[in-house]
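Undergrad: Quick mapping for you: the protein sequence lines, in order, are chains R and B.
Numbering follows numbering that gives the first Met the number 0, with no gaps: position 545 of the first sequence is 544.
Numbering follows numbering that gives the first Met the number 0, with no gaps: position 352 of the second sequence is 351.
A couple of the hints might just be wrong.
In the DSS-like style, the derived pairs of lysine-lysine whose C-alpha atoms are separated by at most 27 Å in a straight line are [to be verified]: (1) B/LYS145 x B/LYS108; (2) B/LYS401 x R/LYS375; (3) B/LYS163 x R/LYS91; (4) B/LYS145 x B/LYS208; (5) B/LYS401 x R/LYS63; (6) B/LYS94 x R/LYS194; (7) B/LYS194 x R/LYS95; (8) R/LYS203 x B/LYS401; (9) R/LYS473 x R/LYS513; (10) B/LYS164 x R/LYS91; (11) B/LYS194 x R/LYS196; (12) B/LYS164 x R/LYS163; (13) R/LYS512 x B/LYS513; (14) R/LYS94 x B/LYS145.
Calculated Cβ distances over 10 Å to all of chain B for the following chain R residues [stated by the list, open to error]: (15) ASP50; (16) HIS55; (17) ARG128; (18) THR140; (19) ASN259; (20) SER332; (21) ILE357; (22) THR439; (23) TRP447; (24) GLU452; (25) LEU551.
Listed next, with one range per pair, are the computed distances between beta-carbon atoms [to be verified]: (26) B/ASP323 x R/GLU277: 33 to 39 Å; (27) B/ASN16 x R/ASN499: 19 to 25 Å; (28) R/LYS356 x B/ASP323: 44 to 50 Å; (29) R/GLU475 x B/LYS19: 36 to 42 Å; (30) R/GLU277 x B/ASN16: 48 to 54 Å; (31) R/LYS356 x B/PRO463: 39 to 45 Å; (32) R/ASN364 x B/LYS322: 48 to 54 Å; (33) R/THR377 x B/GLY505: 56 to 62 Å; (34) R/GLY162 x B/GLN23: 41 to 47 Å; (35) B/ILE26 x R/ALA200: 55 to 61 Å; (36) R/THR112 x B/SER87: 56 to 62 Å; (37) B/LYS163 x R/GLY162: 47 to 53 Å.
Source of the hints: derived by calculation from the structure; they are not laboratory data.
Each residue gets a CB set at the ideal place from its N, CA and C atoms; glycine is no exception.
The primary structure of each chain is shown beneath.
Protein chains: 2
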Amino acid sequence: MKIAIAQLNPTIGDIENNAKKIKQQAILANKEGAKLLLTPELSICGYPPRDLLLNHSFIHTIEKKLQQLALEIPPEICVLIGTITFNSLAQKEGKKPLYNSVVLINNGKIQKTYHKRLLPTYDVFEEDRYFSAGNKVNYFTLNDVKIGVTICEDLWNDEQFWGKKSYGINPIQELVNENIDLIINLSASPYIVGKQKVREAMLKHLVTKYKKPIIYVNQVGGNDDLIFDGFSCAINNKEEIITRCQPYQEDLAYLNFETNNHDLTSNYIHNLITSEEEEIYQALVLGVKDYAQKCGFSQAILGLSGGIDSALVATIAVSALGKDNVFAVLMPSPYSSQHSIIDAEKLVNNLGIKSEKIAIQEAMNSFDLLLNPLFKNTDFGIAEENLQSRIRGTLLMAIANKFGHLLLSTGNKSEMAVGYCTLYGDMNGGLAVIGDVPKTKVFNICKWINRKEEIIPNNIIIKPPSAELKPNQKDEDSLPPYHILDDILERYITQHESINDIEKVGHNLETIKKVIKLVNRAEFKRKQAPPVLKITDRAFGTGWKMPIAYRLNIENNLYSNPI
Amino acid sequence: MKIAIAQLNPTIGDIENNAKKIKQQAILANKEGAKLLLTPELSICGYPPRDLLLNHSFIHTIEKKLQQLALEIPPEICVLIGTITFNSLAQKEGKKPLYNSVVLINNGKIQKTYHKRLLPTYDVFEEDRYFSAGNKVNYFTLNDVKIGVTICEDLWNDEQFWGKKSYGINPIQELVNENIDLIINLSASPYIVGKQKVREAMLKHLVTKYKKPIIYVNQVGGNDDLIFDGFSCAINNKEEIITRCQPYQEDLAYLNFETNNHDLTSNYIHNLITSEEEEIYQALVLGVKDYAQKCGFSQAILGLSGGIDSALVATIAVSALGKDNVFAVLMPSPYSSQHSIIDAEKLVNNLGIKSEKIAIQEAMNSFDLLLNPLFKNTDFGIAEENLQSRIRGTLLMAIANKFGHLLLSTGNKSEMAVGYCTLYGDMNGGLAVIGDVPKTKVFNICKWINRKEEIIPNNIIIKPPSAELKPNQKDEDSLPPYHILDDILERYITQHESINDIEKVGHNLETIKKVIKLVNRAEFKRKQAPPVLKITDRAFGTGWKMPIAYRLNIENNLYSNPI
């Protein structure tokens with residue numbers, strides 16, 4: 000029996016076009032003789048639809064569209080579509096009004112409906128906000144093959160693999176108890192560094208344990224801060240990867256379920272990406288491309304300082320949108336070094352992008368003049384430094400507004416963490432492209448970009464980082480060296496380590512406290528940051544939910560170890 | 000038996016000082032002969048602590064502090080403290096690692112621990128993200144009085160009162176089944192307009208139904224976007240309110256539980272606030288006061304345009320921080336009308352605040368000059384309008400940075416909804432004071448402010464709203480009249496009505512579609528807005544979770560009614 004995987008890139012809410020894509024794939028797969036087409040979780044409305052789900056007419060519209068789609072899809076093929084359904088017993092039983100579901104369309108009708116059983120509510124996931132958990136074991140039989148249907152998280156609760164249970168039930172075990180032949184999983188699983196390796200290790204573990212082949216279908220595409228990397232795959236009973244779709248783009252793959260030995264065959268296998276730097280780079284390219292396209296932008300603008308962060312973002316933007324669609328603005332001040340301008344111009348040249356140079360001195364002067372009655376007799380300080388950044392941010396937004404460009408924000412994760420960035424200045428933009436990339440990784444990715452030829456001028460990579468907002472300023476005047484800062488940040492922010500734990504690995508106690516204080520105090524800036532493309536377990540995006548007006552007793556015993 | 004209610008205003012995370020407050024109240028209540036002191040939900044760490052909970056050493060620190068507190072509280076009095084505890088079975092049972100709990104401290108020790116049973120996960124609440132639901136019926140006996148302990152949401156699932164169940168169990172019914180004498184509820188229930196009336200109606204319904212007196216203890220104070228209004232209260236078996244604490248400030252109230260008739264007595268009753276305008280005004284004052292204080296600001300700054308929004312925010316700021324701590328900046332451009340400057344100056348005078356006038360023409364000129372190479376041969380448009388707003392925003396931030404002031408953002412809900420505001424311009428600020436107040440309510444509140452004397456110059460209230468970013472501009476050139484706009488917004492945003500439903504009440508279909516499109520397109524601005532003080536069911540704050548890069552098929556059949 001031939002089975003097709005449609006690795007789709009839906010646009011959130013765009014039911015019309017998402018349905019069209021599903022229909023096209025169904026027609027194609029049917030022509031190729033497939034009996035079953037699999038699409039990702041919530042393929043009809045895109046994942047995550049968030050509070051669009053609170054408007055019930057949105058759900059009614061989906062229902063209507065699905066009925067129409069059932070009539071348009073060739074009657075011979077079965078298609079599994081991820082969708083939303085109402086829980087009619089919600090008010091009676093005290094449950095949430097919706098289900099995260101999959102419908103089986105065949106022969107002009109919705110034949111079956113299955114509900115997601117495990118609802119992730121952590122990090123960027125908020126499914127308990129909207130959904131009831133399904134409580135039925137989900138499977139159907141097609142051509143005598145008994146197929147177990149799972150939706151994303153349903154697969155992610157294996158106690159042995161994770162060393163703990165995250166939910167009280169294990170839908171896979173329940174399916175195996177029903178003696179199914181094949182497990183399919185329809186997912187919308189967002190990218191983080193190394194995620195596909197984890198997925199495949201987990202899938203192999205499940206095949207080893209349950210002796211059932213698995214087909215894993217993932218969404219692809221960028222939706223705000225989340226990047227879905229695709230990499231849909233399948234594993235046969237011999238624990239071999241027999242299908243791996245392309246990463247970072249739509250794909251259509253075919254497999255066969257052999258009824259003689261109850262196993263899958265196929266040899267559509269794209270390679271994993273072996274370099275972490277390349278993996279991140281490609282993910283960010285997709286994130287920029289889709290954010291721009293889904294928001295209706297074809298061109299992007301950014302400020303080029305001559306530093307490494309904006310150099311990386313410019314390079315990503317060119318990969319995402321093409322060199323003719325990226326506009327760089329150099330905005331030197333009297334504090335900008337000569338090498339910064341030269342480096343930025345060299346980068347512009349290497350990338351072949353359009354650029355403009357606007358010296359900001361005159362705007363600085365006019366603000367100084369306006370503020371002089373209030374500022375006279377005060378020293379040059381943060382206010383004046385920020386002013387330069389805000390003049391640049393204002394220029395960029397003016398150009399973006401004038402020509403309908405998307406402004407890309409260029410700050411990295413390390414500076415967003417400690418607040419070494421200016422709100423309404425360099426933080427300006429529709430998307431924070433590398434806001435989840437620590438500075439140390441920014442260097443590595445730039446070196447990877449230059450692996451064959453110098454695209455990012457080498458001087459940008461080797462010179463000491465500086466904001467150039469006052470004479471001879473260096474980042475390390477205000478911050479610990481980045482390799483130390485990034486390690487403390489990783490431990491504090493991502494690993495949730497205590498001060499004592501961080502100290503134990505050799506960091507200086509005062510440095511740790513200083514960093515933690517900076518992180519805590521910068522929350523008001525992160526609150527107003529653009530969406531940050533997520534590449535780690537703990538990004539400053541929808542999964543980061545911190546209070547702003549709070550106080551931690553760091554000097555006393557806070558973040559100490561257990562009693 | 001004497002019982003005390005400590006209506007506390009904790010600072011999120013400030014375990015040290017929150018514990019100190021609890022201790023002080025316990026000493027005081029003990030001196031007054033109280034046997035039991037009640038504090039709000041999570042009184043030790045403040046509500047909501049959000050992702051601080053992911054750092055387990057934060058929980059360990061709370062545990063340590065509670066043990067210390069147990070030794071410091073007079074041994075004779077029982078104190079119920081809202082806190083976090085670990086769920087030791089979480090990994091084994093597939094549950095969340097923490098409980099939202101209450102501990103009973105007495106005689107130097109934590110004697111009992113109770114866990115919240117109903118975990119709200121909707122709007123601003125995200126308790127499923129962190130907590131396991133308790134599954135025990137929570138009560139204890141003190142002086143032969145059997146006291147049922149509930150935590151906030153535990154009380155909010157009465158099927159008759161709400162016309163539906165939100166959870167599968169009813170903790171109140173389970174307590175009544177255990178024949179308790181008294182129900183206590185420790186809450187952190189955020190303010191929205193008219194909330195206290197709903198609370199008291201619900202409490203009365205429960206007393207009528209179960210014939211048990213109830214003591215309801217609420218947190219008070221502003222925590223970021225959430226305002227907790229206090230109004231802790233108690234209802235006796237005769238369904239009478241016998242205690243009502245002060246709104247919007249800390250309070251300590253005493254009641255007696257009479258063992259002869261098993262009922263509560265007391266006569267500590269503050270009035271409800273009868274005027275909706277006053278209620279909102281006082282709530283916003285508290286929100287500003289606490290946000291400033293908990294973030295470490297004593298002074299606020301804002302731009303005064305001569306319009307009604309900034310006039311209202313200035314008045315609120317004066318009530319919150321005192322007139323000597325509010326600094327107004329008038330920033331006229333060539334498009335500012337003479338009456339705007341006069342009106343703003345009159346307001347400054349009426350409020351008795353400091354002000355400075357900075358004409359922005361020169362800064363506009365310098366930007367025009369810098370942008371001229373790119374902008375020549377283009378028409379004056381949105382880019383130029385936004386530029387004025389961003390120059391003002393930059394000036395305000397420079398002054399705020401220089402003198403350590405908190406910048407207050409002055410936009411109202413209607414304009415935030417449709418994006419009639421400039422990102423990095425007038426949206427700048429640490430707090431969006433009236434970002435949840437629709438324009439029509441802004442007018443009403445200003446009229447209420449002027450009920451005795453003209454504080455806000457009448458001309459500000461009666462003139463047609465204008466952004467004054469180009470000659471003779473009026474809001475109504477771009478937007479429907481505010482009474483129409485606000486009604487459509489309320490129906491679409493808060494009531495989640497479909498286009499058809501909104502049309503049925505008499506609105507023009509094209510106007511509805513235009514408004515909805517504007518709302519959808521402005522999401523990128525709201526994403527980067529400051530925290531918005533919440534006063535309605537559906538504010539643009541932590542409870543507003545919308546995608547940005549999405550597309551709705553409004554022109555087709557989206558938001559249509561059921562099939």
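Undergrad: Look at each hint and say if it fits the structure.
TA: Right, here's what the structure says about each hint:
Simply put, B/LYS145 and B/LYS108 have alpha-carbon atoms about 20 Å apart, close enough for the 27 Å limit, and the pair holds. The hinted pair formed by B/LYS401 and R/LYS375 meets the criterion: a straight-line CA distance of about 11 Å does not exceed 27 Å. Between B/LYS163 and R/LYS91 the alpha-carbon distance is near 6 Å, which keeps this suggested pair within the 27 Å criterion. Between B/LYS145 and B/LYS208 the alpha-carbon distance is near 18 Å, which keeps this suggested pair within the 27 Å criterion.
Distance check on the hinted pair: B/LYS401 and R/LYS63 sit about 57 Å apart at the alpha-carbon level, beyond 27 Å; violated. With a C-alpha separation of about 24 Å, the suggested pairing of B/LYS94 with R/LYS194 holds against the 27 Å cut-off. Proposed proximity of B/LYS194 and R/LYS95 is supported: the alpha carbons are some 23 Å apart, at most 27 Å. For the given pair, R/LYS203 sits about 59 Å from B/LYS401 by alpha-carbon distance, which is inconsistent with the 27 Å threshold.
Under the criterion of a C-alpha separation no larger than 27 Å, the hint pairing R/LYS473 with R/LYS513 is consistent with the structure, at around 18 Å. Annotation: proposed proximity of B/LYS164 to R/LYS91 holds, straight-line Cα distance about 6 Å (limit 27 Å). Restraint check for B/LYS194 and R/LYS196: the C-alpha separation of about 50 Å exceeds 27 Å, so the hint is violated. The straight-line distance between the Cα atoms of B/LYS164 and R/LYS163 is roughly 32 Å, outside the 27 Å bound, and the hint therefore fails.
Straight-line distance between C-alpha atoms of R/LYS512 and B/LYS513 comes to about 51 Å, which puts the hinted pair past the 27 Å bound. Distance hint between R/LYS94 and B/LYS145 is unfulfilled; the C-alpha atoms sit about 31 Å from each other, more than 27 Å. Non-interface call for R/ASP50 relative to chain B: violated, since the shortest CB-CB distance, roughly 5 Å, does not exceed 10 Å. Distance to chain B contradicts R/HIS55 as a non-interface residue, since its nearest Cβ pair spans about 7 Å, not more than 10 Å.
Listed as outside the interface, R/ARG128 is inconsistent with that label: its C-beta sits roughly 5 Å from the nearest C-beta of chain B, within the 10 Å cut-off. A cut-off of 10 Å between C-beta atoms confirms that R/THR140 is not in contact with chain B; the least separation is 29 Å. For R/ASN259, the shortest C-beta to C-beta distance to chain B comes to about 38 Å, beyond the 10 Å cut-off, and the non-interface label holds. With a closest Cβ-Cβ approach of about 12 Å to chain B, R/SER332 is found to remain outside the 10 Å limit, as its non-interface label requires.
Non-interface status of R/ILE357 relative to chain B is broken: a Cβ of that chain comes within 10 Å, the nearest being about 5 Å off. At roughly 23 Å, the least C-beta separation between R/THR439 and chain B is larger than 10 Å, which holds for a residue marked as non-interface. Distance to chain B confirms R/TRP447 as a non-interface residue, since its nearest Cβ pair spans about 27 Å, more than 10 Å. Consistency note on R/GLU452: stated as away from chain B, and its beta-carbon is indeed over 10 Å from all of that chain's, at 31 Å minimum.
The claim that R/LEU551 lies off the interface is violated: its Cβ sits roughly 5 Å from the closest Cβ of chain B, which falls inside the 10 Å cut-off. Separated by about 59 Å at the C-beta atoms, B/ASP323 and R/GLU277 break the suggested range of 33 to 39 Å. In this structure, B/ASN16 and R/ASN499 meet the distance hint of 19 to 25 Å, their C-beta atoms being roughly 23 Å apart. At roughly 46 Å, the beta carbons of R/LYS356 and B/ASP323 sit within the given window of 44 to 50 Å.
At about 39 Å, the beta-carbon gap between R/GLU475 and B/LYS19 stays in the expected band of 36 to 42 Å. Roughly 50 Å separates the CB atoms of R/GLU277 and B/ASN16, a value that falls within the hinted 48 to 54 Å. A C-beta distance of roughly 43 Å is found between R/LYS356 and B/PRO463, which places it inside the suggested range of 39 to 45 Å. The hinted range of 48 to 54 Å is not satisfied by R/ASN364 and B/LYS322, whose Cβ atoms lie roughly 34 Å apart.
A hinted range of 56 to 62 Å for the beta carbons of R/THR377 and B/GLY505 is consistent with their spacing of about 57 Å. Separated by about 44 Å at the C-beta atoms, R/GLY162 and B/GLN23 satisfy the suggested range of 41 to 47 Å. Range check, B/ILE26 to R/ALA200: about 57 Å between beta-carbon atoms, so the 55 to 61 Å window is met. In this structure the supplied range 56 to 62 Å is violated for R/THR112 paired with B/SER87, their Cβ-Cβ distance being about 38 Å.
The hinted window of 47 to 53 Å between B/LYS163 and R/GLY162 is violated, with their beta carbons roughly 40 Å apart.
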